[in-house]
Each structure stands twice: as structure tokens, then as C-alpha cells.
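Make the full structure from the sequences, and use the hints.
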Amino acid sequence: MNKNAFWKLLSALMVFGLILSACGPAAATDVPAAATDVPAAATDVPAPAEIVTSSGFVCPLPDQKMEITSKELNLFVWTEYIPPEWKECFTLVYGVTINHDEYSSNEEMYAKLNAGGTNYDLVQPTDYIVALMVRGGLLQKLDQSKLAQVYAEMDPNYMNLEFDPGNVYTLPYQAGTDAIIYNADKVSTPPTKWADLWNPDYAGRMVFLDDSRVVIGFTLLTLGYDPNTTDPAKLDEAKTKLMQLIPNVKLFDSDSPKTALIAGDVDLGMTWTGEAFLAQQENPAFTYVYPTEGAILWQDNWAMPAGAPHADAAYAWLAYTMQPNMFWLMLRDFPYINPNKAALDFAKDNQPDLYGPYMASPITNVPVDAIKNGHRIQDVGEALPLYDQLWTEVKGGQ
Amino acid sequence: MFQRLREDKALQGTLLILPTLAVMVGLLIIPLGLTLIISFGQRTADGGVIYTFTLDNYLRLVGITPGCGFKSECFDPLYANILWRSLTLALQTTALVILLAYPLSYFIARAPLKRRNTFLFMVLVPLWTNFVIRVYAWMMILRTQGVLNGILGWLANLLGLPFVPLEMLYTPSAVLVGMVYEFLPFMILPIYTSLEKIDPALYEAAADLGANAARTFLRVTLPLSMPGIVAGTILVFIPVMGTFIVSDILGGRQVILIGNLIQRQFLDARDPTFGSAASLILMVMTLIVTYFYTRKFGFGEEIVAV
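Chain order of the listed sequences is A and B.
Under this note's numbering, the first residue of the first sequence is numbered 28, with each subsequent residue one higher.
Under this note's numbering, the first residue of the second sequence is numbered 428, with each subsequent residue one higher.
Rather than coming from a laboratory, the hints here were simulated on the basis of the structure.
One or more hints might be untrue.
To be verified - Quick look at which bits of chain A chain B covers, simulated, 3 or more residues with Cβ under 8 Å: (1) 130-144; (2) 157-168; (3) 406-419.
To be verified - Footprint (simulated), chain B over chain A, 3 or more residues, beta carbon under 8 Å: (4) 275-282; (5) 288-301.
To be verified - Chain B side only, calculated, beta carbon under 7 Å to chain A, not exhaustive: (6) Ile509; (7) Arg570; (8) Gln572; (9) Tyr597; (10) Thr598; (11) Arg680; (12) Ala696; (13) Asp698.
We put the beta carbon where it would ideally sit given N, CA and C, even for glycine.
Printed below as a string of C-alpha cells:
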């Protein structure tokens, strides 16, 4: 039976491929035809042909085209975390084939790279795993001279953070927060701090990320402790406290907590920037609250694994996709905190429909206090099994 | 050389099983050996393995805190509870699947020959869809504002009854429903095969000898279909022991099963040594249950009716 499904899928793919390949050349031949008309009518300077993707997006030219010899680029990125136009434009501009693998957790990415035998050119680690990767020799230093322009255009608030002083290994990609979300139509006593989540009125009405570090982290915060503590006594206290939260939990979901919120299965919980923004667009009653104890801050970054076989293509990719007239696409596809200042300026002038809501929403345009007050998850090394055991006990104790 | 190959039956046999043997050794025996070695090792802070010989991982699994001694306060049945929970869920699922699959298989096996293929086809059609997508479909059905509550609400409205949407999704029952649904076809097919093979003359003989329907079923049909039930049980029970996707999606990740535990060790906890020990324990436990089960009921081979 699986075989049948396989053939169906294959034939569907082939038909799709045929349509694509039929469209491709047609679109490509249209453009030079239009372009050749222009010089004939106007001057003798040939206008460069426009590069257009299959979706009709006009690829901007690279601000500075790099000399590269690689014909391939191996990306290892988060699931659905790259605008589709980037890949097509990069291939059209540089003639490089992009191989694209995805992961859905830092741990998955780390395990794969740590096992060795991979040949990725770029990965997207989140802050806390960067230090671990550097320590394990999994990353190589970035050649900042090749990316001077990009470095200069970044918001300094997202640069030079403690997980990578001087941005020796990483370049900020997107940032965000983990905080409280509630449905104002259904919650009469809105939470303002993490400690409020223990309110018995919320019994069986909440969704939490299935992320042991973050959930244990905010529990530690309610007790007045460091969310990265390695003290077994404090963790034991956090366990007792967290067990009391369990009756309020309807589900844990790290993939898409907004789904249960929008579907009305739960009325409040915790989620991250992008999910909160999308939930709010779906239903304005959803309100995102930065708890007074401090939200959890995170930042995804580009990094280059040691021994990347196509480093030249990787630098070209970073320089090209991070330039403002490319990176604004992130505002359209992934409404997180955008650390690329030049891209925001570009969107302000050219994409006011995206820039307006981005700036207006405290979810994406985070108040300075919320950032200053926030906490970052750090790797706890030896103490990690303690966290895991705590999590297993909390979930196993029913 | 070639002549020898033509004549030597044993050599032919060896050559023919060589590819399978290579796969079994390369992808089963060797990884299993590595798992065993790693399970006796020690974790490093970054998730590496120090190859030593320590029983700590196994002690932790059975609930003894390493280095604490054999006092009662050192005993923590955390992981034993998780194993127990996984085992009960697997046994419940298997029992329910047998109860549901048997009548259906019986119905198909006794249907006119022309219809049988259509019915079997209908049993198999859902398998064309991806496993996970089928679980998500149950999510749509069971959620508070989902299809089932919609239908119930509509019916209640029709009858003028008050209706409060039922909380079905993210409960243990939802997990059980999803598990039973996912594994039902793997029980229907073997039971159908063994029922279909029963010679109708045996039923006539039973009737001639004065057996009523219930007696015929208990003395003829059931014993003759036991091989199907056994084969189906093995096909269902073993994968169910290790699976956690259904419980994660329909149960809202509120509980940890042995499958979750193992996965977490290799990812979030970065403790491959403990993960290896846990997967070996799971394997041993599954083997033990399967062993006693097949000792009692045979390995799905034909049992001659007494």
C-alpha cells in the first residue's frame, strides 16, 4: 500500500515538475525579449535583464557580487524559516544549487553535527547552544571582512551578546521572546507575571511550550532564582512548584501552540513572538504579556560549521540574503524581532503595509524595558540530566 | 567455479542470503552491540560518551540512585512507572484492537468472494495517508470545537437538549482512540487470513454433530483463527510499546512514555548512555512479553484443531 502512495506522490511530483519546467524557460525567454526592446528604442547601453523567480519576485542584484567557485551550498536550517525567494534568487544570481535540510530543535541539530559526517555550510543555532558548539569545535570563526557591510547594518542591541562576544562565530538572524499569551474575551483576570499562571481559575485551560528549560526557567524565576541555576536544592524547590502548575496545563506544544489557542481548546498559556503575532492577527483578543519577573529572550543566528565545504558560497549567501532589499521578506514571512536595522529601514520606505504593523505591535517591536528585564537560557552542562529528570518527574507524576 | 555454483546447493543458499545477512549484521547486530557498549558508559557534559563499565544507568532505570545505597529513601520508581505506563497502554491498545478487529475480519471472511476484496481495500485505504496526518485528523474530530462536538451539539439542539461541548482531546481516552485506530489494520489482515482459510466443511461438521453457534465458534472458529490473532498481536504490541507520536499529539504531551524518555535522552538531556540503557530495557521487556505470549499461543503457525 505504501508503494501505491509512493507512486501517486511520485507522479504528482513529476506533473508538478513538468509544470515548473514549462513555466521556467517561458518566463526566462519573456524577460530578454522585453529587455532587448529597450536598448533598441533608447540608448546603446544594454539594460541588464531582470532576474525573476517563478513566483514573479524580481531578484535584487547583490550589492557586491562575490567571486565564488563552489557550485553547491548545503543549508541546515529551522523548519520553514527561510523565505522561498531567497533560494531561487541565489541560485539564479550565483548559479549555485542549494541543498536544504531542516531541523525542529537545537538539540536535533546539535546531535547531528556532533555525531560528525555532515557537510553543512550554514546552520542556525539559537543562543544557548552556540557556546556548546564552539566548545565542541563544531563551528568555525566567520571572516568578518567578507561580511563588513552586513555587520554594519545590524542593530547593535542584538550584537556582541554574551553567548558570542564580538560575534566571532555568529551573525544574528531573528530574535524573539517567550512570554504569556491570553484570550481577553475569555480570561477575566489577566495574568501580569509568571507567578499568576498558578491561578486555580486557569485549571485545564493552558498551553505551554514542551521545552523543559524554558518552563523550569520561568518556574525558577517565580521563586526568585536564576533560570540557569545548577543548584539541586533550588531545582528541587522548582519541581514542587511546577507540579502545582500541572492541573492548569491542558497541553504542551512546541510546534504550534497558537493552534490550540485559536481553536479554542485553551484560553491562555505561553508562546513565542511569531506565534503570538500570528494568533493576534487571527483574533485581536489575544494579548501578549511580558511578565514582570522578565520574559525569556532568545536569538537565532547564522553560523558556519567547521569544515564547511562551500564556505565561499556561504559568505555570498549571507551577504546577499542579509542585504535590506532581500531581508525585508522576513517581515512578510516570519514576524519575529528583526535585528537587521537596514532591512527595517528598507521596509519603512518600500513595504509600509508590513512595517506599520511590525512597529505598532509590542510583540515584534519589543519595549526596551522588556528586553532589559529579560533572561536568556544558557547551557547548564553537567546539570542538564537534573533538568531532564525534573521534567520527567513533573510529567510522570500523574 | 561456475559449475560448483550450479551444483552446490549449500553455496547457492549462502550466496542468496548474503545480502540479507549483510543488512542484518550492518544495520542490526552492530548498532545493537554499540548500544550495549554505550549503555555501560558515562555521559560527558556536552553529550559525549566516556567508555567505561558502570551499571549506573541501569540502576537509575530500576529506581536506585547511584551512590546512595540500598536504603528505602534512595528508591525512586520514576522510570519503572514510565515503563509500567507504556506497558499498560500497549496491552490496552492490543486488547481493544483484537476486540474490534475480530468481528470485522469475521464479517469480511464470510462475505461473498466478490465483496471481500472491496472490503479489504477499504481497510487498507487509510494506510495510504501518512501516519501523522491520520493522527492530526483525529485532532480535528476530537477538539472542543471539533467535528464530533459539532455533530453532538447539532443533535442536542435538534432534540432541544442543553449541550456543553465535551472535553475529549488531550485526554488519555483520546490517546487510546488514536492508537486503536492507527493499529487496527495490522490486526484485521492476519485474522482475516486465518479465518478465510477455515474450510466451510468444518462448520457443517460441527453443526452435524449438534454444536450450536456459540460452541462452534469456541471449539472450531476461535482455535483455528488463533494463529491470526497471535500474528496480529505481535504486529501491534511491539510497535505500540515504543511509539509516542499518538500520545504526544492526542494526549498533549502531558505524559512521558518510554519512547519519549529515550528520545529525550538523545536530544534534550544529551545523555546517550542513559538513552541506550533505556532502549535496551524496552527491547528486553518487549521480548519477555512476546516470549511468554508465544510460548502460550505459538508463533502464529498453524495449530491443528483438537
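Okay, the hints, checked on the actual structure:
{"no.": "1", "hint": "130-144", "verdict": "holds (count 6)"}
{"no.": "2", "hint": "157-168", "verdict": "holds (count 3)"}
{"no.": "3", "hint": "406-419", "verdict": "holds (count 9)"}
{"no.": "4", "hint": "275-282", "verdict": "holds (count 5)"}
{"no.": "5", "hint": "288-301", "verdict": "holds (count 3)"}
{"no.": "6", "hint": "Ile509", "verdict": "holds (6 Å)"}
{"no.": "7", "hint": "Arg570", "verdict": "holds (5 Å)"}
{"no.": "8", "hint": "Gln572", "verdict": "holds (5 Å)"}
{"no.": "9", "hint": "Tyr597", "verdict": "holds (5 Å)"}
{"no.": "10", "hint": "Thr598", "verdict": "violated (10 Å)"}
{"no.": "11", "hint": "Arg680", "verdict": "holds (4 Å)"}
{"no.": "12", "hint": "Ala696", "verdict": "holds (4 Å)"}
{"no.": "13", "hint": "Asp698", "verdict": "holds (5 Å)"}
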